[in-house]
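Enquirer: One-letter residues, chain by chain:
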Amino acid sequence: NAGVTQTPKFQVLKTGQSMTLQCAQDMNHEYMSWYRQDPGMGLRLIHYSVGAGITDQGEVPNGYNVSRSTTEDFPLRLLSAAPSQTSVYFCASSYAEGREQFFGPGTRLTVL
Amino acid sequence: EDQVTQSPEALRLQEGESSSLNCSYTVSGLRGLFWYRQDPGKGPEFLFTLYSAGEEKEKERLKATLTKKESFLHITAPKPEDSATYLCAVQTGNTGKLIFGQGTTLQVKP
Chain A
1 NAGVTQTPKF
11 QVLKTGQSMT
21 LQCAQDMNHE
31 YMSWYRQDPG
41 MGLRLIHYSV
51 GAGITDQGEV
61 PNGYNVSRST
71 TEDFPLRLLS
81 AAPSQTSVYF
91 CASSYAEGRE
101 QFFGPGTRLT
111 VL
Chain B
1 EDQVTQSPEA
11 LRLQEGESSS
21 LNCSYTVSGL
31 RGLFWYRQDP
41 GKGPEFLFTL
51 YSAGEEKEKE
61 RLKATLTKKE
71 SFLHITAPKP
81 EDSATYLCAV
91 QTGNTGKLIF
101 GQGTTLQVKP
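Chains as they are written, first to last, in our numbering: chain A, 1 to 112; chain B, 1 to 110.
If we strip away everything but chain A, and leave its shape as in the complex, we get (with noise of 0.2 angstroms):
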């Protein structure tokens, strides 16, 4: 098993520009969720999904679009990026709401 995988890994952004942030998961789990990582802010949910086709907002979900078509993928999507956007992301999966949650290996944003 992959586990979780985040693509890419790094990622430089013009204000403005639009990109999509992929995430996978080969574990058939129901659950996933984005989290952005920011110094002295710890980790915030940005969206959140209970099984395909189901999707909520968490946190800090202003900027930020997603969907689940299928249980193994969910995208996030940036629509117009901003600078406060620059932050690291991290896609994580779980067998149901609420159970330990598997975290994928980040993507490093900048936006300038």
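Take the hints with a grain of salt, since some may be wrong.
Between beta-carbon pairs, the in silico distance windows are [what the hints assert, rightly or not]:
1. A:Asp73 <-> B:Ser20: 39 to 49 angstroms
2. A:Thr5 <-> B:Ser18: 31 to 41 angstroms
3. A:Thr86 <-> B:Glu58: 18 to 28 angstroms
4. A:Met27 <-> B:Pro40: 35 to 45 angstroms
5. B:Glu45 <-> A:Ala96: 34 to 44 angstroms
6. B:Lys59 <-> A:Met41: 25 to 35 angstroms
Calculated cross-link-like contacts (lysine to aspartate or glutamate; reagent style EDC-like; alpha-carbon spacing at most 16 angstroms) [unchecked claim]:
7. B:Lys42 <-> A:Asp38
8. B:Lys42 <-> B:Asp82
9. B:Lys79 <-> B:Glu55
10. B:Lys97 <-> A:Glu30
11. B:Lys57 <-> A:Asp56
12. B:Lys109 <-> B:Glu17
13. B:Lys109 <-> B:Glu15
14. B:Lys97 <-> A:Asp56
15. B:Lys59 <-> B:Glu81
16. B:Lys69 <-> B:Asp2
17. B:Lys97 <-> A:Glu100
18. B:Lys68 <-> B:Glu56
19. B:Lys57 <-> B:Glu70
20. B:Lys109 <-> B:Glu81
21. B:Lys79 <-> B:Glu60
22. B:Lys97 <-> A:Glu72
23. B:Lys109 <-> B:Asp82
24. B:Lys68 <-> B:Asp2
25. B:Lys79 <-> B:Glu17
26. B:Lys97 <-> A:Glu97
27. B:Lys68 <-> B:Glu55
Simulated from the structure, these hints should not be mistaken for laboratory data. The beta-carbon is built from N, C-alpha and C at its ideal position, and this holds for glycine as well.
Guided by the hints, dock chain B onto chain A, whose structure is given.
Expert: Just chain B now, kept in the frame of chain A:
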């Protein structure tokens, strides 16, 4: 407001010097408390889940305990490879979502 606070922010230990990390929380209805380890440049790695006050779990040199207001991660006779950031997260009763603390960065010197 639901809140999770970890202390200290940073901890330096000599190899073999035991200590404890603290995670205090104020949440409306605790459903579970999670401990993760994070190495630089990597994603968090799951360590423990605790569900009720009085519960304890152990793994090698680590032992996690839970009370109604806080959790401790005890590190016994640490080794340099235990150096990492340790994250605490709480799942609240209202939303089921995880709230993370800011982490404690542990450095163990040989």
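Enquirer: Taking the Cβ atom of Asp73 of chain A and the Cβ atom of Ser20 of chain B, is their distance within the range 39 to 49 angstroms?
Expert: holds, 40 angstroms
Enquirer: Is Lys97 of chain B close enough to Asp56 of chain A, meaning Cα to Cα at most 16 angstroms?
Expert: Holds, at roughly 11 angstroms.
Enquirer: Quick check on a hinted range of 31 to 41 angstroms for Thr5 of chain A and Ser18 of chain B, using CB atoms only.
Expert: Because 37 angstroms falls inside the window, the suggested range holds.
Enquirer: Lys68 of chain B and Glu55 of chain B: Cα distance at most 16 angstroms?
Expert: holds, 11 angstroms
Enquirer: Lying within 18 to 28 angstroms: is that true of the beta-carbon distance Thr86 of chain A to Glu58 of chain B?
Expert: violated, 39 angstroms
Enquirer: CA of Lys109 of chain B to CA of Glu17 of chain B, is that 16 angstroms or under?
Expert: Distance of about 10 angstroms is within 16 angstroms: holds.
Enquirer: Cβ-Cβ distance between Lys59 of chain B and Met41 of chain A: within 25 to 35 angstroms?
Expert: holds, 28 angstroms
Enquirer: Can you confirm whether the C-alpha distance between Lys68 of chain B and Glu56 of chain B stays at or below 16 angstroms?
Expert: Within the cut-off at roughly 13 angstroms; holds.
Enquirer: Quick one, are Lys42 of chain B and Asp82 of chain B close enough, alpha carbons at most 16 angstroms?
Expert: OK: Lys42 of chain B and Asp82 of chain B at ~15 angstroms, within 16 angstroms.
Enquirer: Could you grab the alpha-carbon distance between Lys57 of chain B and Glu70 of chain B and see if it respects the 16 angstroms cut-off?
Expert: holds, 15 angstroms
Enquirer: Is it true that the CA of Lys79 of chain B sits at most 16 angstroms from the CA of Glu17 of chain B?
Expert: holds, 9 angstroms
Enquirer: Hint check: Lys69 of chain B vs Asp2 of chain B, CA-CA at most 16 angstroms. Holds or violated?
Expert: Holds: Lys69 of chain B and Asp2 of chain B sit about 12 angstroms apart, inside 16 angstroms.
Against the hints set out earlier in the document, violations occur for numbers 3, 4, 5, 9, 11, 22.
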